[in-house]
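Asker: Chains as they are written, first to last, in the working numbering: chain A, -4 to 402; chain B, 147 to 227.
It is worth saying that the hints were derived from the structure and are not from the lab.
Quick caveat: nothing in here was measured; it's all calculated off a predicted structure.
Please note: incorrect hints may appear among the correct ones.
Straight-line C-alpha distance at most 30 Å; calculated DSSO-like pairs for lysine-lysine [as the list claims (entries may be wrong)]:
{"id": "1", "chain 1": "B", "residue 1": "K224", "chain 2": "A", "residue 2": "K165"}
{"id": "2", "chain 1": "A", "residue 1": "K144", "chain 2": "B", "residue 2": "K173"}
{"id": "3", "chain 1": "B", "residue 1": "K173", "chain 2": "A", "residue 2": "K362"}
{"id": "4", "chain 1": "A", "residue 1": "K179", "chain 2": "A", "residue 2": "K260"}
{"id": "5", "chain 1": "A", "residue 1": "K318", "chain 2": "A", "residue 2": "K284"}
{"id": "6", "chain 1": "A", "residue 1": "K29", "chain 2": "A", "residue 2": "K144"}
{"id": "7", "chain 1": "A", "residue 1": "K260", "chain 2": "A", "residue 2": "K275"}
{"id": "8", "chain 1": "B", "residue 1": "K224", "chain 2": "A", "residue 2": "K260"}
{"id": "9", "chain 1": "A", "residue 1": "K312", "chain 2": "A", "residue 2": "K197"}
{"id": "10", "chain 1": "A", "residue 1": "K92", "chain 2": "A", "residue 2": "K14"}
{"id": "11", "chain 1": "A", "residue 1": "K284", "chain 2": "A", "residue 2": "K144"}
{"id": "12", "chain 1": "A", "residue 1": "K234", "chain 2": "A", "residue 2": "K284"}
{"id": "13", "chain 1": "A", "residue 1": "K312", "chain 2": "A", "residue 2": "K234"}
{"id": "14", "chain 1": "A", "residue 1": "K165", "chain 2": "A", "residue 2": "K318"}
{"id": "15", "chain 1": "A", "residue 1": "K239", "chain 2": "A", "residue 2": "K14"}
{"id": "16", "chain 1": "A", "residue 1": "K179", "chain 2": "A", "residue 2": "K59"}
{"id": "17", "chain 1": "A", "residue 1": "K165", "chain 2": "B", "residue 2": "K173"}
{"id": "18", "chain 1": "A", "residue 1": "K275", "chain 2": "B", "residue 2": "K224"}
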Amino acid sequence: LGLDLGVVRETEKVTIRGKTAITAYGETPVTRGKKERGEPVLSFWEYIAWACELTLKNGQMSTKDFDNQGLAVTQPIVDHPLGFGCEVAEHLGISPKWLITSSHGGASAVVALEQAVAAISAGLVDRVLCLGGDSPMSYRPMTLTQHRKDFENPFGVMGPNSSFAMVMRKHAELYGTKAEQTGKIAVVQRDHALANPNAVFKSGITLDDYLRSRFIAEPIRMLDAVMPVNGGAGFVVEKVEGLKADRPIYVLGLGECDNYYHGAKSLPDVTYTGITVSSKAALDGSLLKPSNMSLFEPYDDYTIAVLMQIEDAGFCKKGGGGKFVDETDISYKGQLPINTGGGQLSAGQPGLAGGFVNLLETIRQLKEEGGGRQVKGARYGMVTGLGNLQYAKNLAYTAVSILGNEM
Amino acid sequence: LRCSGRGTVYSFTIIQEVVMNSPAFEKEIPYALAIVELEEGVRIVAQVFAASIDQVRNGMPVEAFYDTIDGFSIVKFKPLS
């Protein structure tokens, strides 16, 4: 019939582009929660409530705006009841008609955004308030995965440090990735953190500091690994049609890929993440390419995770991440600014609300509210979320969103 | 599936610090911890004890043995003899 099936397939992928926008965001101060230093010790409930207050204030909204609308709450790592979602609604005095709880580890913030966008795009609600908070420094953590309890801890595995260390060594073996390359990521992100008033680290580091920092699970050094903090954050997603908001940040593309295998199911290649699939879906849906991105805010629990996502999101070919980092200015002034607020590595990881750090920095940059670390002329940004580690393979959850301050 | 106990090191780390685990591992630090690919085509994560920790390499052939830590019998690996 003369139909170009290629074109049909392309447009089928474009389902949510520009239908929703982020209209408010808020982030609490983070802390190591050391009482003896006079730092506050708050529960995850209190951080969620504080994040709610800041987010609503930012958007000049009230909790009433979310009665009969959407509420999304991300799951904390610290001990919490199974019914935490509706308890948060009760604490805030909101009666939503669409309650989302995302439990995708560090990917939960981006997944909350995805589910909010899906609900709005389906016409179920007009707006969703997305909140997360966690206090891993002060409260008992829950078990992230059953295999960690049954098949890792008894055999001498030291949590994600061990798992990412084995991924990092494999990446070095296959592609020749060097410590100086992951080191550059740590150093640049720390520089960015110095321009972020809410970063937990307040002093810069050099490549020498990185190379001299002690191994905790070789090849993972102290400065390769994230610093946990207590904190909370939130944002509001709204329907674009009829929207009256100052500088909305449009959601242009979304993608998710969970329990990804690269290669044989029992013997997958651990140097690949599900970002290969989720970033492609997000890019296809947004009608944009990696080269269109003004900034990249990859989830960063480890430096090697950043490097692998540069590859998996298509900024270079697989194995070329080290060379890419060597040859590219990844600072906020550079060709591809990466984790411009310091990322979680240098700003701190508020437990399973950690994914908000990368997401809120993307929003902040696109609203041109990045202060001393503002990317000039920022237009489109890609943010990712990663969550949990599977047994002897790679990540459990991956999610990608592409945002823009114009369509 | 009955396993021969033989396999190769897919990747490994040298554990220098006990994090979120039993203090019983303190006395074994530093030690190599590996993803071992068994001959039967499945993976297992376990410690690898060689005469010297520097001998552990990706691709190294290993075989299983049993040891006790903290009152539990667990599987570990050593270089294939």
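Asker: All hints are to be evaluated individually against the structure, with a verdict given for each.
Answerer: Hints, one by one, checked against the model:
1. Proximity of K224/B to K165/A is assessed by CA-CA distance (about 20 Å); at most 30 Å being required, the pair is judged to hold.
2. Distance check on the hinted pair: K144/A and K173/B sit about 21 Å apart at the alpha-carbon level, within 30 Å; holds.
3. The straight-line distance between the Cα atoms of K173/B and K362/A is roughly 52 Å, outside the 30 Å bound, and the hint therefore fails.
4. Simply put, K179/A and K260/A have alpha-carbon atoms about 33 Å apart, too far for the 30 Å limit, and the pair is violated.
5. In summary, the hint linking K318/A to K284/A is supported, as the alpha carbons are separated by about 20 Å, within the 30 Å threshold.
6. Under the criterion of a C-alpha separation no larger than 30 Å, the hint pairing K29/A with K144/A is consistent with the structure, at around 28 Å.
7. Restraint check for K260/A and K275/A: the C-alpha separation of about 21 Å stays at or below 30 Å, so the hint holds.
8. At most 30 Å may separate the alpha-carbon atoms for a hinted pair to count; K224/B and K260/A meet this at roughly 26 Å.
9. Restraint check for K312/A and K197/A: not satisfied, since their Cα atoms lie roughly 34 Å apart, outside the 30 Å limit.
10. For the hint linking K92/A to K14/A, the alpha-carbon distance of about 20 Å falls within 30 Å, and the restraint holds.
11. About 41 Å separates the Cα atoms of K284/A and K144/A, which puts this hinted pair outside 30 Å; it is violated.
12. For the suggested pair K234/A and K284/A, the alpha carbons sit about 25 Å apart, so the restraint of at most 30 Å is met.
13. Of the supplied pair hints, the one linking K312/A and K234/A is violated, its CA atoms being roughly 36 Å apart against a limit of 30 Å.
14. The hinted pair formed by K165/A and K318/A meets the criterion: a straight-line CA distance of about 16 Å does not exceed 30 Å.
15. The straight-line distance between the Cα atoms of K239/A and K14/A is roughly 14 Å, inside the 30 Å bound, and the hint therefore holds.
16. Distance check on the hinted pair: K179/A and K59/A sit about 46 Å apart at the alpha-carbon level, beyond 30 Å; violated.
17. Simply put, K165/A and K173/B have alpha-carbon atoms about 27 Å apart, close enough for the 30 Å limit, and the pair holds.
18. A threshold of 30 Å between alpha carbons decides the hint, and for K275/A with K224/B the separation of about 42 Å lies outside it, so the pair is violated.
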